[in-house]
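Participant: This is what each chain is made of:
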Amino acid sequence: MVLIMDSIYEEMAASVVELDMEKAKSLAQKALDEQLPLLEAIEKGFGEGIKRVGNLWDAGEFFLPELMRGAQVMQEAVDIITPHLEEGSRARETKGKVVMATIEGDIHTIGKTIVATMLKANGFEVIDLGADVKAEDIIAEAVKHRADLIGVSALLTTTMIGQKKIIELLEQQGIRDKFKVILGGAPVTSKWVEECKADGYAENAVAAVTKAKQLLGLS
Amino acid sequence: MTIMRPKIELLTNEYKEKIFHEAKTILQIQGVVIENSEARDLLQEEGVENEGPRYFIPDDLIEKLRVYAPSEIKLFDREGKEVIQLTQDNIHFDPGSAAIFIQDLNSGVIREALSSDYIKFSRIVDHLPYLEAHSTAIVYTDVPNDAQDWHRLYLALLNCSKPIITGTFRTESFAIMRDLLELTRTSSDKLVEKPLAIFDACPSPPLMWSNLTTQSVIDAARSGIPSEFVSMPLAGSTAPITLVGCVTQHTAESLAGLVIAQLAKKNSPIIWGGSPAVFDMKNGTTPMGAIETMMINIADVQMGKFLKLPTHAYMTLSDSKVPDAQAGFEGGMGALLAGLAGTNMISGPGMLDFESTQSLEKLIIDNEIAGMVKRLIQGIVSYDEPFAQNILKDYDPSVSLLSHPTTLQLFKKELYLPFNVDNYQIINRETRDQWKTSGETSARQRAREIAVKLSERPVREPIDDNLRKELDNIANNHLK
Chain A
46 MVLIMDSIYE
56 EMAASVVELD
66 MEKAKSLAQK
76 ALDEQLPLLE
86 AIEKGFGEGI
96 KRVGNLWDAG
106 EFFLPELMRG
116 AQVMQEAVDI
126 ITPHLEEGSR
136 ARETKGKVVM
146 ATIEGDIHTI
156 GKTIVATMLK
166 ANGFEVIDLG
176 ADVKAEDIIA
186 EAVKHRADLI
196 GVSALLTTTM
206 IGQKKIIELL
216 EQQGIRDKFK
226 VILGGAPVTS
236 KWVEECKADG
246 YAENAVAAVT
256 KAKQLLGLS
Chain B
326 MTIMRPKIEL
336 LTNEYKEKIF
346 HEAKTILQIQ
356 GVVIENSEAR
366 DLLQEEGVEN
376 EGPRYFIPDD
386 LIEKLRVYAP
396 SEIKLFDREG
406 KEVIQLTQDN
416 IHFDPGSAAI
426 FIQDLNSGVI
436 REALSSDYIK
446 FSRIVDHLPY
456 LEAHSTAIVY
466 TDVPNDAQDW
476 HRLYLALLNC
486 SKPIITGTFR
496 TESFAIMRDL
506 LELTRTSSDK
516 LVEKPLAIFD
526 ACPSPPLMWS
536 NLTTQSVIDA
546 ARSGIPSEFV
556 SMPLAGSTAP
566 ITLVGCVTQH
576 TAESLAGLVI
586 AQLAKKNSPI
596 IWGGSPAVFD
606 MKNGTTPMGA
616 IETMMINIAD
626 VQMGKFLKLP
636 THAYMTLSDS
646 KVPDAQAGFE
656 GGMGALLAGL
666 AGTNMISGPG
676 MLDFESTQSL
686 EKLIIDNEIA
696 GMVKRLIQGI
706 VSYDEPFAQN
716 ILKDYDPSVS
726 LLSHPTTLQL
736 FKKELYLPFN
746 VDNYQIINRE
756 TRDQWKTSGE
766 TSARQRAREI
776 AVKLSERPVR
786 EPIDDNLRKE
796 LDNIANNHLK
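So the sequences go chain by chain: A and B.
The numbering used here applies: residue 46 is where the first sequence begins, and numbers increase by one.
The numbering used here applies: residue 326 is where the second sequence begins, and numbers increase by one.
No lab work stands behind these hints, which were simulated from the structure alone.
Idealized CB from N, CA, C, for every residue including glycine.
Take these hints with a grain of salt, some might be off.
To be verified - Below, computed lysine to any residue pairings styled on SDA-like, alpha-carbon distance capped at 20 Å:
id : chain 1 : residue 1 : chain 2 : residue 2
1  : B       : Lys646    : A       : Asp103
2  : B       : Lys607    : A       : Asn249
3  : B       : Lys607    : A       : Asp193
4  : B       : Lys607    : A       : Gln80
5  : A       : Lys179    : B       : Lys607
6  : B       : Lys607    : A       : His153
Said to hold, decoys possible - Residues on chain A that point at chain B, a partial pick, calculated with CB under 10 Å:
id : residue
7  : Leu201
8  : Thr203
9  : Pro232
Go ahead and model the full structure; you've got the sequences and the hints to work with.
Facilitator: Below, the structure written as structure tokens:
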């Protein structure tokens with residue numbers, strides 16, 4: 046039995062790496078039909094797949110289109126399974142809640158979208174507020190959703206200042222310790238993160254997932 | 326007589342027709358998102374249908390309006406002299422814009438720019454012979470946010486007499502910038518008669534014209550100021566990955582701009598420009614130095630010519646972070662291809678790091694590249710026949726042909742002579758010993774020396790004192 050399970054999990058992982066949406070979805074359906082342990086299917090099957098996608102990215106073999114597609118395949122498969130998870134498992138399955146946005150005045154969303162997709166694929170619940178979002182609104186949403194993590198991107202040096210405002214507002218409202226804040230965008234450097242007193246940044250979408258896990262004590 | 330104009334083409338007429346046809350179909354079937362209420366009113370008056378912000382522009386409206394767009398735009402310098410003709414296969418260069426950083430000339434560090442950097446930059450551009458136009462190439466941080474667009478135009482006018490490629494960051498700034506230009510020309514009519522600046526307007530890919538850029542197009546049209554459309558499809562992310570798909574999207578976005586401009590005012594001068602790029606699939610960046618980016622640009626320019634419009638492209642740029650070999654070869658290839666394509670306005674000199682950083686060293690190197698490209702497109706000239714026979718008859722081994730009348734008469738015409746500043750030039754053709762004696766410098770080091778020397782020179786045509794005072798008044802009023 047274990048061997049059979051292992052081979053199904055391997056197929057699930059492979060479907061993600063092979064970017065095979067149809068196969069992944071039918072395997073997810075199979076997991077439901079055959080009453081497989083669903084949480085294991087996510088973690089050992091599709092989750093293993095997205096981990097391999099990340100490794101292939103790190104090795105320089107995968108490019109952004111493959112990364113995005115891999116994350117989407119993973120996501121769709123998991124979405125089939127999630128409604129059927131028991132309440133307790135569902136909570137275990139969620140690595141954490143992330144509220145993400147591109148800051149006010151900035152409409153450059155590609156980078157943020159890639160990071161959001163990767164975080165979702167890696168088990169985070171992501172609330173993506175889109176582009177040109179006021180610092181106040183990002184915080185209000187984070188409070189409303191009881192987020193663990195706030196991710197704010199900026200592409201322009203003229204809008205970057207909004208990232209700092211997030212931290213300042215959190216401090217003013219006395220809720221700085223309720224959230225980890227990660228910054229993103231081309232002009233963002235570790236020095237800027239330090240200056241803003243944010244919690245971190247990452248150079249690319251795969252590194253962002255690692256950073257998010259690390260900040261939430263998951264790795 | 327030039328034997329032939331060297332040219333590069335990537336599209337045949339058959340495919341230009343197909344692309345044009347599909348672009349019009351896209352505008353008619355998929356439509357274009359228009360955020361601006363004035364433009365929406367203009368379209369609705371023509372009976373253009375819409376679903377919310379998406380307007381479905383019919384083929385016949387495009388055909389009706391495109392005949393109004395002039396096929397030639399002349400630009401005049403601050404003193405009123407005609408210096409640029411944007412038409413046919415003429416080429417002109419201006420510094421790439423707009424950088425949010427500058428590479429410090431002394432330390433080499435990439436940092437935020439100050440107005441003093443832009444002043445120095447403008448005074449150097451004034452002296453570079455192969456950049457016929459200036460641009461508001463650097464965004465500096467020591468003026469208030471709401472002055473960051475118009476203030477650059479003000480400093481450009483004060484410090485450089487060349488025509489200026491500029492643009493707005495806020496709709497309110499257009500009026501201030503128009504005032505600065507009209508004051509320089511003394512009246513709005515004279516500004517229409519002798520255009521001094523071009524306003525860039527960038528649609529948002531895919532298929533959207535934002536409120537700001539649309540307003541700029543309308544305001545410019547009504548003031549008789551040329552607009553340059555800078556459509557920037559990003560192959561593989563905000564546009565199809567296929568280069569031909571990108572060109573088609575660019576055509577559709579630009580045609581929508583044409584419609585808005587000509588509806589705002591018939592015969593409005595517009596330039597078929599662009600800043601397309603491919604999407605780097607590893608870094609998620611937008612490489613301006615990628616060969617495919619240049620290929621999309623060339624095809625876009627061909628489409629502009631097909632529609633009989635003046636053309637523009639962002640070429641001569643590099644994604645390198647410093648003026649190194651990559652900056653040289655990407656810049657050189659871009660400039661060369663843009664020139665061969667007959668791009669009327671080529672924006673890019675000086676620019677590094679995906680349109681984010683201006684480098685004076687690269688600017689000066691690119692000026693040299695522009696000079697060589699201009700020589701190339703002059704092609705091979707036939708002066709007299711026979712071509713060589715008569716000259717060779719005169720050959721005297723003791724003096725060679727060095728002082729032959731034809732050599733004396735034509736060497737400055739036939740040869741591109743590198744730009745020389747107090748005996749410094751970018752291109753080194755000394756013997757190795759001479760090069761050693763003169764300090765064993767690299768092109769980048771010589772560029773730095775030239776930048777320092779040019780920045781210390783008085784500008785070619787200092788601005789009239791009264792005009793300066795009046796421009797100062799406008800600026801001071803708006804800075805309050």
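Participant: Does each hint fit the structure? Answer for all of them.
Facilitator: Results for each hint:
{"no.": "1", "hint": "Lys646(B) x Asp103(A)", "result": "violated, 23 Å"}
{"no.": "2", "hint": "Lys607(B) x Asn249(A)", "result": "holds, 9 Å"}
{"no.": "3", "hint": "Lys607(B) x Asp193(A)", "result": "violated, 29 Å"}
{"no.": "4", "hint": "Lys607(B) x Gln80(A)", "result": "violated, 39 Å"}
{"no.": "5", "hint": "Lys179(A) x Lys607(B)", "result": "violated, 30 Å"}
{"no.": "6", "hint": "Lys607(B) x His153(A)", "result": "holds, 18 Å"}
{"no.": "7", "hint": "Leu201", "result": "holds, 7 Å"}
{"no.": "8", "hint": "Thr203", "result": "holds, 7 Å"}
{"no.": "9", "hint": "Pro232", "result": "holds, 8 Å"}
Hints 1, 3, 4, 5 from the list above are not met by this structure, while the remaining hints are.
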